[in-house]
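K.L.:
So the chains spell out like this:
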Amino acid sequence: AQRVTQPEKLLSVFKGAPVELKCNYSYSGSPELFWYVQYSRQRLQLLLRHISRESIKGFTADLNKGETSFHLKKPFAQEEDSAMYYCAGGTSYGKLTFGQGTILTVHP
Amino acid sequence: DTAVSQTPKYLVTQMGNDKSIKCEQNLGHDTMYWYKQDSKKFLKIMFSYNNKELIINETVPNRFSPKSPDKAHLNLHINSLELGDSAVYFCASSLLLGGATTEAFFGQGTRLTVV
Chain A
116 AQRVTQPEKL
126 LSVFKGAPVE
136 LKCNYSYSGS
146 PELFWYVQYS
156 RQRLQLLLRH
166 ISRESIKGFT
176 ADLNKGETSF
186 HLKKPFAQEE
196 DSAMYYCAGG
206 TSYGKLTFGQ
216 GTILTVHP
Chain B
7 DTAVSQTPKY
17 LVTQMGNDKS
27 IKCEQNLGHD
37 TMYWYKQDSK
47 KFLKIMFSYN
57 NKELIINETV
67 PNRFSPKSPD
77 KAHLNLHINS
87 LELGDSAVYF
97 CASSLLLGGA
107 TTEAFFGQGT
117 RLTVV
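From first to last, the protein sequence lines stand for chains A and B. Counting in our numbering, the first sequence runs from 116 upward without gaps. Counting in our numbering, the second sequence runs from 7 upward without gaps.
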């Protein structure tokens, strides 16, 4: 069965510090992996996906098949990055399997 | 222009009641979903409809019944509500392209509280 794990429920950093949100997956075949973000009082929205290999709001995520990881990174965290972050794996029929979520708090 | 909209945003009801949550998307997507977010913020898929056909039905009590009158709407009806049904329910939609997962757009959520 597909499984996505985010080991950290809470993550706190100071503004300007690097941040890494961990995500590991367990999938058969080639997974489609995503990071979704939920800012306070806003709806869940896509941050980035591994296929596009792009950087959004300074965040990047690289798929590491050897380690079965898809960690989200940003070299310099900003206060506005404070949010709930979900790693998710996609399967056929568009089903998303979410990790448990990580609440990122960036302190001034 | 709200892409995926759910109503109501908040719903407080007593145990045993029957309630519905409505969802509409104006993105022209062919697939819609219901997700449940529990008190620990864990998100889990409940149902998915593609072109009005049920394609995903996770292990959900049969008190929950989705209905898709057309591609743009997916409603969730819940019978005999229980305390454990209290959660935030998210509707989402996406386009299925050859079975690949595309970006899912989410509604703002419906916070259901059963008392």
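Mixed in with the good hints there might be a few duds.
As the list claims (entries may be wrong) - Simulated coverage check for chain B against chain A, where a stretch passes if three residues somewhere in it have a Cβ under 8 Å from a Cβ of chain A:
# : stretch
1 : 14-21
2 : 80-91
3 : 111-121
As the list claims (entries may be wrong) - Facing chain A, according to a computed beta carbon distance under 7 Å, are these residues of chain B, among others:
# : residue
4 : T8
5 : T37
6 : L102
Claimed, not checked - BS3-like cross-link-like pairs, simulated, lysine-lysine; straight-line CA separation at most 30 Å:
#  : chain 1 : residue 1 : chain 2 : residue 2
7  : A       : K124      : B       : K15
8  : A       : K188      : B       : K25
9  : B       : K42       : A       : K124
10 : A       : K210      : B       : K47
No lab work stands behind these hints: they were computed from the structure. Idealized CB from N, CA, C, for every residue including glycine.
K.L.:
If a hint holds in the structure, say so; if it does not, say that too.
P.N.:
Hints versus structure:
1. With a cut-off of 8 Å between beta carbons, the stretch 14-21 of chain B has 0 residues touching chain A; three or more are needed, and the interface restraint is violated.
2. Remark: the stretch 80-91 of chain B is not confirmed as covered by chain A, as 0 of its residues place a Cβ nearer than 8 Å to a Cβ of that chain, below the required three.
3. With 5 residues bearing a CB less than 8 Å from a CB of chain A, the stretch 111-121 of chain B meets the requirement of three and the coverage assertion stands.
4. Using the Cβ-Cβ criterion of 7 Å, the hint placing T8 (chain B) at the interface with chain A is not satisfied: the shortest such distance is roughly 10 Å.
5. Given hint, T37 (chain B) at the interface with chain A, holds; its Cβ is 5 Å from that chain's nearest Cβ, closer than 7 Å.
6. For the restraint placing L102 (chain B) at the interface with chain A, the shortest Cβ-Cβ distance is roughly 5 Å, inside the 7 Å limit, so the hint holds.
7. The straight-line distance between the Cα atoms of K124 (chain A) and K15 (chain B) is roughly 26 Å, inside the 30 Å bound, and the hint therefore holds.
8. With a C-alpha separation of about 42 Å, the suggested pair K188 (chain A) and K25 (chain B) falls outside the 30 Å cut-off, and the hint is violated.
9. Straight-line distance between C-alpha atoms of K42 (chain B) and K124 (chain A) comes to about 18 Å, which keeps the hinted pair within the 30 Å bound.
10. Note on K210 (chain A) and K47 (chain B): the hinted pairing holds, with a Cα-Cα distance of about 18 Å set against a maximum of 30 Å.
Hints 1, 2, 4, 8, counting from the list given before, are not met by this structure.
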